[in-house]
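Modelling step: build the complete structure from the supplied sequences, incorporating the hints.
There are 2 protein chains.
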Amino acid sequence: MEFLPAQAETLNDILRWRRDVRHFRTDPVAEPVIDRLRGAMDMAPSVGNSRPWRVLRVMDPGKRAAVQAIFERCNHEAAAGYDDATKAEYVRLKLAGLRDAPVHLAVFTDTIPAEGRRLGRRTMPETLQFSTVMAIHTLWLAARSENIGLGWVSILEPAAVQAIFDVPRSWVFTGYLCLGHAEFADDRPLLHRTGWQYDTPTHWQDC
Amino acid sequence: MEFLPAQAETLNDILRWRRDVRHFRTDPVAEPVIDRLRGAMDMAPSVGNSRPWRVLRVMDPGKRAAVQAIFERCNHEAAAGYDDATKAEYVRLKLAGLRDAPVHLAVFTDTIPAEGRRLGRRTMPETLQFSTVMAIHTLWLAARSENIGLGWVSILEPAAVQAIFDVPRSWVFTGYLCLGHAEFADDRPLLHRTGWQYDTPTHWQDC
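Residue numbers (our numbering), protein chains in the order written: chain W, 267 to 473; chain H, 267 to 473.
Among the clues, some could well be false.
[Unchecked claim] Derived, one-sided and incomplete: chain W residues facing chain H with beta-carbon distance under 7 Å:
1) 292
2) 344
3) 366
4) 369
5) 389
6) 391
7) 400
8) 437
[Claimed, not checked] Listed below are the simulated EDC-like cross-link pairs for lysine to aspartate or glutamate, each with C-alpha atoms no more than 20 Å apart in a straight line:
9) H:329 - H:355
10) H:360 - H:453
11) W:329 - H:472
12) W:353 - H:381
13) W:360 - H:381
14) H:329 - W:297
No wet-lab data here; the hints were simulated from the structure. Computed from a predicted model, the values in this text were never measured in an experiment. Virtual Cβ for every residue (Gly too), placed ideally from N, Cα, C.
If you want it as structure tokens, here you go:
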């Protein structure tokens, strides 16, 4: 399989227009799209092919409200950690789309999966969570290619989220995702647009 | 920006043909390709737009040999942890392409980057490493679209790798990557082909 320059360019466009979306329309995501996203996630790399991602689709309004409450508390606490000028800037940012996004996914990592037979993770057990992170990123890109936006909410206390969901003790919380149709598209991160943090290039060092 | 079904299909093909490559040809990767890969990595998502990935391109034969030696030791120790039958199966697997890959990258995460102004990571500091992991995955997909293979070597002791490289104390080791032209292409993981671990589908649960 040899890819052509036009195909590499398509990937580049998807990477460029993928964004952390926090402004969602409330209309649902079609089920066939959800099925394709789940299928894409299964193509993600994983340490020892261990496939440790575990996904809960959160439908229950009570559970959704509980997550939202944790976000509000953690966001308030984060704001309090800044000096006054920065705090004023921080509180103007919209940092989650929990209220409007039609699809909520709580993503966990099984820390003792049978799959993979422990291969590749003895010295770096964190590679299990890393595998789930790459699966989330795969989902993100596949969603963008289907014109669906995704937002990753990290302003959450993991233990509090874990307490909402009845999951096995071996699962750790990796990320909470909002999906839906985005209110607008952009090829720059919102944090760049607002001036919170501009995009900066990475320099590679030779050694 | 609205993507068309053919573009989503292209991403699907790239995801399907991306593999953890361990069989490399020794001929170099062209510098313009390396430049494009670095540019792709800069489009990865990161918590608070913190862009914490730090990349060393390892050219020095002594440093490469030192990494290879750590891999050999860790791989030997991992093999010793299995019962005899599994061990026999394990030692037949080729788990790294360090000897032949023309490009070696040691990837670290800055745990106290100025960029992002601490946003989004107060309750989940692990999201900094997660950001680097998504940058590595971005590099992986971009490489595949350029017909370059990438292998992620995780059978390494982080402290030992860290000791080889003169990096700031705030950097943690995230992953060691081999890049080059692959000896063959496949749309299935090698661990699936060899029977070590078959691909299994993920079930999402509603709650």
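Here's how the hints hold up against the structure:
The criterion of a C-beta within 7 Å of any C-beta in chain H is not met by residue 292 of chain W, whose closest approach is roughly 19 Å, and the hint is violated. Residue-level restraint check for residue 344 of chain W holds (minimum Cβ-Cβ distance to chain H is 5 Å; threshold 7 Å). For residue 366 of chain W, the interface hint is violated, the least distance from its beta-carbon to any beta-carbon of chain H being 19 Å, above 7 Å. For residue 369 of chain W, the interface hint is violated, since its Cβ never comes within 7 Å of a Cβ in chain H; the closest pair sits about 11 Å apart.
Given hint, residue 389 of chain W at the interface with chain H, holds; its Cβ is 5 Å from that chain's nearest Cβ, closer than 7 Å. A hinted interface residue such as residue 391 of chain W counts as satisfied when its beta carbon comes closer than 7 Å to some beta carbon of chain H; here the least separation is about 10 Å, so the hint is violated. A distance limit of 7 Å between C-beta atoms decides the matter here; for residue 400 of chain W the minimum to chain H is near 5 Å, and the interface restraint holds. The interface hint given for residue 437 of chain W is violated, since its Cβ lies 11 Å from the closest Cβ of chain H, which is over the 7 Å cut-off.
The suggested pairing of residue 329 of chain H with residue 355 of chain H is violated, with an alpha-carbon distance near 30 Å, which exceeds 20 Å. With a C-alpha separation of about 18 Å, the suggested pair residue 360 of chain H and residue 453 of chain H falls inside the 20 Å cut-off, and the hint holds. Note on residue 329 of chain W and residue 472 of chain H: the hinted pairing holds, with a Cα-Cα distance of about 12 Å set against a maximum of 20 Å. This hinted pair checks out: residue 353 of chain W and residue 381 of chain H have alpha carbons roughly 16 Å apart, not beyond 20 Å.
About 19 Å separates the Cα atoms of residue 360 of chain W and residue 381 of chain H, which keeps this hinted pair within 20 Å; it holds. With a CA separation close to 50 Å, the supplied pair residue 329 of chain H and residue 297 of chain W exceeds the 20 Å bound.
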